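Q: Given only the sequences and the hints, what does the whole structure look like? Please build it.
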Amino acid sequence: MPGEAVSCRGLKKYYADVKAVDGLDLSVGNGECFGLLGPNGAGKTTTIEILEGLTVPDDGQVEVLGMTWKQNERRLRERIGISLQETQLSEKLTVHETVRLFRSFYPAGPDPDSLIHDMSLDEKRNSRVGKLSGGQKQRLAAACALVGDPDILFLDEPTTGLDPQSRLQLWEVVAKFRSLTTHYMEEAERLCDRIAIVDHGHLIALGTPKELIAKLEAPNIIEFTSDPALPPDTFQDIPGCHGCSPRGNAWQLRVDSLAEAVPQLIAAVEESGAKLVTLSTHAATLEDLFVSLTGRELRDA
Amino acid sequence: MPEKIRPAIIELTSVRTKEFVRETEAIFWVFGFPLILALALGFAFREKAPDRVPVAVLAGPSSQKEVAALSKSPALSPRVLNEAEAHDALRHGKVSLVIDSSHSLTYRYDPTSPDGRTARREADDALQAAAGRRDVMPARDEFVREQGARYIDFLIPGLLGMNLMGTGMWGMGFTIANARMKKLLKRLIATPMRKSQYVMSQFLSRLIFLTVEVIVLVAFGWLVFGVRVNGSILALTILCIVGGYAFSGLGLLTASRARTLEGVSGLMNLIMMPMWLCSGVFFSYERFPSSVKPFIRALPLTMLNDALRAVMNDAAPLTKVLPHLAVLAAWGIVTFAIGLKIFRWQ
Ligand SMILES: Nc1ncnc2c1ncn2[C@@H]1O[C@H](COP(=O)(O)OP(=O)(O)OP(=O)(O)O)[C@@H](O)[C@H]1O
Ligand SMILES: [Mg+2]
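These protein sequence lines map, in sequence, to chains F and P. First residue of the first sequence? That's -5 in our numbering, and the numbers climb one at a time after it. First residue of the second sequence? That's 5 in our numbering, and the numbers climb one at a time after it.
Errors might be hidden in some of the hints.
To be verified - Once the Cα atoms are required to be at most 27 Å apart in a straight line, the calculated DSS-like pairs of lysine-lysine come out as:
no. : chain 1 : residue 1 : chain 2 : residue 2
1   : P       : Lys187    : P       : Lys22
2   : P       : Lys186    : F       : Lys118
3   : F       : Lys131    : P       : Lys22
4   : F       : Lys125    : F       : Lys86
5   : F       : Lys131    : P       : Lys186
6   : P       : Lys22     : F       : Lys6
7   : F       : Lys118    : P       : Lys22
8   : P       : Lys187    : F       : Lys6
9   : P       : Lys297    : P       : Lys324
10  : F       : Lys125    : P       : Lys186
11  : P       : Lys186    : F       : Lys13
Hints were generated in silico from the structure; no laboratory data involved. Just so we're clear, the structure is a prediction, and the values are computed from it rather than from any experiment.
A: Below, the structure is given as structure tokens:
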């Protein structure tokens, strides 16, 4: 089924002192897994809740499955599945009771027990929600999102606090579906067909993970510290270097070729009379893209 | 074999009911507390010889003779005090009347105190008789102790009304505010669930507990104190349901916007306090000045208590409590309508 699953234009949501979303355009195709990546407070939750019809934008248009929230709220609700960033499901109910309750809201969907099985919660079927671990609660939330057999799945930070195994498990489920927000760039890179990077309510980059990384003119990153610390002009002229940015007390250099740049850097550092303390290299990631676009890091921006 | 999926309204009601049953403390406040209150008050006010009113006789040459005369009255407990002591005792309510016979016979008392007035009449009768007054007409007393006229008969319907108010308001208000705070309401409206179904299920599960509550309290009053339902059970049932509806609505309205549990608790107490005090739970509101009585009668708890007493004590038929039912239903309709209108789901 070609066409747009979700689209928005000129989305704006201002709170008293912050512009949570500031003129955002997005378009997600049918069958696409789309990720919103950005630091805390970037406006991811606000955006996704506007798309989910839970928050009314100050300005802009939203269309989901070709419908608007104003005109088709109920039909849309039956066709989307949602996990919010911070819902606490009722602690006094069991896992099975919770899933069955949510199932009763939808006209069609999987059997509660098979869903519980898919989420590996069989053992906890009759445990109270209050007694579940954080990760188990996340999986229950995912089960409640899937319970109406949705056409679109909106997940807000679905794997925060999950152990690696549970995260993989949830990824498998998500892989069958389409939309999520995250600030784990690894998650976004692996799962998403396309990713939008947002910061301060603005879209700062959009594309497939490969395209985004390719945007970074240089595919490799060198990270080093020296004693004493050096000003950028000592190594900016290394051939093939496309720029540098500070990261903690280290410098990050974006370079074309490691083989070429590393010896030159060592030479440059020695020439200036300083000593190299640490040196590491890696292939560029979305995180590096974010750093190069904003000069800040994703996690503590 | 796939599980049968029940309609949302049934799921919501059943889930709400389970949540409540699993909340141990709540069970105590709903079922245990009113019984303890009934037991304590029932015994404190059980029938016994009426208390004697303490009165003071000012010390003087004739005080012993006066004490002897006053002791003949079954309503008085006299003692001799000097001027200063008597003054303090009267001021602090330790005695209700001071008798001063140093010059002419003088009664000192607070005319607004019923005890003072009773003591004045009794003491005067006793002293005049001792001084030789003869009654011109013989008279005798006939005591009436009818079932349905004791304090406990008055109290049990009042407690029932108070309990319906408390559980109705807390049951709705607290659950809703709590679900809002935990973003559970937000999660629920993100599903195709109808908002009216949620509110309806809250009320339905209230009705389930209301049934248990009423049966427990009425059975307790009957078994322990012999308080009977003189009117029809049907009338009592209808009253409880309509009363429960009015207070559920008030609870919904109270919790319709509150963001915190503290906020909703404060508001609840603010709304319930005047009714605890004025609606005649423990004492009749007939004593209030007639200018405020119309307001008191407009309160839902007043209407519920009056109607419950009419049915339980005076065997009033349903037609006699129709005005009460109308006021209660009006409270329910208006509070539900406004509450839903201004309801904050997130
Ligand atoms: N209801 C609100 N009232 C006022 N400000 C708000 C409200 N909701 C969000 N904000 C602000 O809007 C900005 C964006 O918040 P949002 O929750 O969308 O960020 P986020 O990208 O989801 O962050 P995180 O990764 O921490 O979840 C933040 O600065 C936040 O403080
Ligand atoms: Mg968020």
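Q: For each hint, tell me whether it holds in the structure or not.
A: Tested hints:
no.	hint	result
1	Lys187(P) - Lys22(P)	holds (20 Å)
2	Lys186(P) - Lys118(F)	holds (22 Å)
3	Lys131(F) - Lys22(P)	holds (20 Å)
4	Lys125(F) - Lys86(F)	holds (9 Å)
5	Lys131(F) - Lys186(P)	holds (14 Å)
6	Lys22(P) - Lys6(F)	violated (42 Å)
7	Lys118(F) - Lys22(P)	holds (18 Å)
8	Lys187(P) - Lys6(F)	holds (23 Å)
9	Lys297(P) - Lys324(P)	holds (20 Å)
10	Lys125(F) - Lys186(P)	holds (16 Å)
11	Lys186(P) - Lys13(F)	holds (25 Å)
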